[in-house]
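Respectively, the protein sequence lines represent chains F and S. The first sequence begins at 1 in the numbering used here and counts up one residue at a time. The second sequence begins at 1 in the numbering used here and counts up one residue at a time.
No lab work stands behind these hints: they were computed from the structure. Please note that the accuracy of each hint is not assured.
Intra- or inter-copy, both count: the list cannot distinguish identical chains.
Below 25 Å or equal to it, Euclidean Cα-Cα: the simulated SDA-like pairs (lysine to any residue) are [stated by the list, open to error]:
1. Lys29 - Pro231
2. Lys345 - Ile134
3. Lys99 - Val344
4. Lys87 - Ile256
5. Lys199 - Lys281
6. Lys298 - Thr84
7. Lys100 - Ala127
8. Lys199 - Pro300
9. Lys100 - Pro286
10. Lys29 - Leu111
11. Lys298 - Gly308
All values derive from a computational prediction rather than experimental measurement.
2 protein chains.
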Amino acid sequence: MTNWIYPEFDFQPRRPLFMVVMSNTAVGKIPGLSAAGTTPDLTFYTPGADAELVETNRIMTMPELPETPGGSPTPAILTRAALTLAKIPSLFVSSGLEKKPAVPFVDLGGLPGRDIRESPAVPDASAIFERGVILGNKVSLLSDCVFIGETIAGGTTTALAVLKALGYDLNVSSSFATNPTELKENVAAEGLLRAGIGKGDLRTDPMRAIAEVGDPMMPAVLGLLRGLTTPAGPRIVLAGGTQMAAILAMAHSMGIDGDISIATTRYVAEDRSAHFIELVKSLNRPYYIADPGLERSKLPPVQTFAQGYVKEGVGAGGAVLAASLYGVSQQQIVEETDRVLMTVKLPHV
Amino acid sequence: MTNWIYPEFDFQPRRPLFMVVMSNTAVGKIPGLSAAGTTPDLTFYTPGADAELVETNRIMTMPELPETPGGSPTPAILTRAALTLAKIPSLFVSSGLEKKPAVPFVDLGGLPGRDIRESPAVPDASAIFERGVILGNKVSLLSDCVFIGETIAGGTTTALAVLKALGYDLNVSSSFATNPTELKENVAAEGLLRAGIGKGDLRTDPMRAIAEVGDPMMPAVLGLLRGLTTPAGPRIVLAGGTQMAAILAMAHSMGIDGDISIATTRYVAEDRSAHFIELVKSLNRPYYIADPGLERSKLPPVQTFAQGYVKEGVGAGGAVLAASLYGVSQQQIVEETDRVLMTVKLPHV
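Chain F extracted, bound-state conformation (with noise of 0.2 Å):
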C-alpha cells in the first residue's frame, strides 16, 4: 500500500490507542545530554508540555515550545499530525513526572529518576511496575491495539546504562545531530560504577538495573506490557527509537512474551551513532520503519528532523505508522506537521 512504511504492518486495527509514558529523570538536566529543551532546566517540562500539545495544540505549563537548543521543534508536532489526521485517541501516563501537564493523563504515581552517578534513579520501580500492569490490564480489554511511547529527557542515557547491565554493548542514538556519545558513557559508567555493577552482571534482573541506573518511564512501559499480554489482549506496538528497543531488551530478560513489535522513525533507522536494528534483530522482534518525509516541510525548523535533529520522541515514529493505517499519505504527515507548528498556541510570557 505504501513505501514510506516498511515493511507493511498486516493489521487493521478497529479500536487503536496511542498511549505515551511521561517521565523525568535528573539525568535530563546533566549539561549537553539531552537536547529536549532550549536549557536543562527547561526539560523537566517537556513531557507536561508534549501532552499538551498533543491534546490541544497548545502549551500551558511552560513558558515555550519544547524545543532543542539549536531551535528543532519537539516531535510532538509530528505525534499529534499523525493521530489527528488519522483521528486516533491518545492516553497520556505519568509516571515519576513532577511537572503535570493540563491536560488529563493517568497518574501512575512514583518520584523523579535522580542521578544516577549519585543514588539509585528509581527506587520506587516495583510499585511503579505493579500500577502500570494495572492499567495495562484495563486497556487490554478495550483496545485493539495499542501503541506505547515516551517523553522523557535524558531518557537514552539511562537506556545505556541499563544496557549496559544487562550486558549488552550497543550504542544509543540522540536528540542532538551529533550524538555526545563519550558523555553518555560517561554518565553510564559512572553510574554503574557507584552501584556497583558490572556489564551483564544483571542480565536475569532487569527490574534491579532499572532501580540503580534507570528512569521512572521504563517500570512503567514494562508494567503495561506485563498487564497487555493477555491471551485474548491487543497488538502492541513499541513507539520509539533506542529506548524502547532497551525496553524490548529488558521484557526479554522478564520473560514478559506476546504480540510486541517496536517502530521509529527513518531518522532513528538510519543513524549510524546507533544501533537500534542490530538491538532488536538480535531480539527477534518485529520492527517497522516510518519515513515521515520531512525534507518535504515548507518549515526550516521542521526540515532539521530529516537532517537528523530530533530524531524520534512522543511515540513519532508509530503515530506515523497507526496514521498510515488509516489512509493517510505521507504528503498529508508533512503539511499537518507543518500547519500543527504554525498554528500552536504558546502561553503569553
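Once you've looked at the hints, dock chain S against the given chain F.
Frame of chain F; chain S shown alone:
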C-alpha cells in the same frame, strides 16, 4: 432474565467501562453532614481509598476502611464485588481531589471544592469541564457502554444547592439512615444566599451554579457526558442516586443529549426522604433500579445497607446492574460483597 434489576437493561455491552469520578469538597467536612468517614476530616481520604479498594481490595492511603460513624462500610465493597465477578474494567478519575490514591487514575486537575457558605465553590469549573470533554471523547472511541459513578463526601448537599439554583425543589438522599435534611437545607440556603442566587435564577446556567454552590465532581461528569455523546458513541449509564439525578438535570439544562440513562440501588429508590424517581421522571430519562439483596448477607455491617444506611455510592447500583448483564446472580453479589469485606487489607497503623 432477572427480577432484581428493574426494568431489564436491553443492551449487551461488549466493551463496558466503569468510570468513577473522585472529588473532595469542604462541604463534606461540615459536622453531621456526610457519613462517608468516621470523622469529618477523614472524609477527604474516602474517594482515594474507595479507588484503592475497587482496584486492589487493599486500602493504602487512609488509616482505616472508609465507613460511616456507625460502622457501615463504604459501598465500594459492593462495586468491587460486582465488577470483579463480571470482569468489567474500572477507571477512576480525579477532579478537585486533594488526597490522591496509590492506584492508577486519570487526573483532571482542579482544586477541591470550597465551602459554599463562604466562597464560590468551584471557580475552575469550566477548565475541569473542558478536560472532561477531552477524556470523554477518547473513551467514546474505545467503549460501547460507559457507566459513570462518583465518590465525594458531602456531594448530596451541593447537589441540593445546585438543584435549587436550577429551580427544582426536591430532597436529596443521604448516607445516614436518618437524612439530616434540615442541616443540608440550611447549608444549601446559606450558600445560595451568599452567592445572591434565588430559586431558579440559574435555570439556564448550570455551570455558574456549579461554580458558586456545586462541587468538582459535577463539571467532570458533565464534561464526560459532553465528550461521550457523539453520534456513534457508547451507551451511557449514570451510576448513582440523587447526586447523579441532579447531574441529569444539569445536562438537560445544558442541552447535552444522547443515550443517557441512570441506575441506582433499591435503597435510594425506596428512600422516602428523597425524590430520586420524581426528578428522573421529570427529565424523561430511563432509569434502572438494582436490588443487591444484601439483607441476605452473613455480615451485620453489610446487612445495614438493606436497612437504609449508606444506600449508594461509588456507582454501586450501576455496578450491580452491569454485573447482571454478564450472568452474575444476586446471590453471587451478596456472597462476593461479604468476601470483599472479609478479605480487604488495611494499613498497619
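Here is how each hint holds up against the structure:
When the C-alpha separation of Lys29 and Pro231 is checked against a cutoff of 25 Å, the pair qualifies neither within a copy, at 41 Å, nor between copies, at 46 Å. In this assembly of identical chains, the alpha carbons of Lys345 and Ile134 lie at most 25 Å apart only when taken from different copies (17 Å versus 35 Å within one copy). Only within a single protomer do Lys99 and Val344 lie at most 25 Å apart by alpha-carbon distance; the minimum there is 20 Å, versus 34 Å between protomers. For a Cα distance limit of 25 Å, the shortest separation of Lys87 from Ile256 across copies, 23 Å, qualifies, whereas the shortest one inside one copy, 30 Å, does not.
When the C-alpha separation of Lys199 and Lys281 is checked against a cutoff of 25 Å, the pair qualifies only within one copy, where the shortest distance is 21 Å, while the shortest distance between copies is 70 Å. With identical chains, the CA atoms of Lys298 and Thr84 are at most 25 Å apart within one copy only, with a shortest distance of 20 Å there and 54 Å across copies. In this homomeric assembly, Lys100 and Ala127 come within 25 Å of each other (Cα to Cα) both inside a single copy, at 19 Å, and across copies, at 15 Å. Neither within a single protomer nor between protomers do Lys199 and Pro300 lie at most 25 Å apart by alpha-carbon distance, with minima of 42 Å and 59 Å respectively.
In this homomeric assembly, Lys100 and Pro286 never come within 25 Å of each other (Cα to Cα): the closest approach is 34 Å inside a single copy and 39 Å across copies. In this assembly of identical chains, the alpha carbons of Lys29 and Leu111 lie at most 25 Å apart only when taken from the same copy (16 Å versus 30 Å across copies). Taking identical chains as interchangeable, the C-alpha atoms of Lys298 and Gly308 lie at most 25 Å apart only when both belong to the same chain, with a minimum of 17 Å there against 68 Å between chains.
Checked against the numbered hints listed earlier, the structure breaks hints 1, 8 and 9; every other hint is satisfied.
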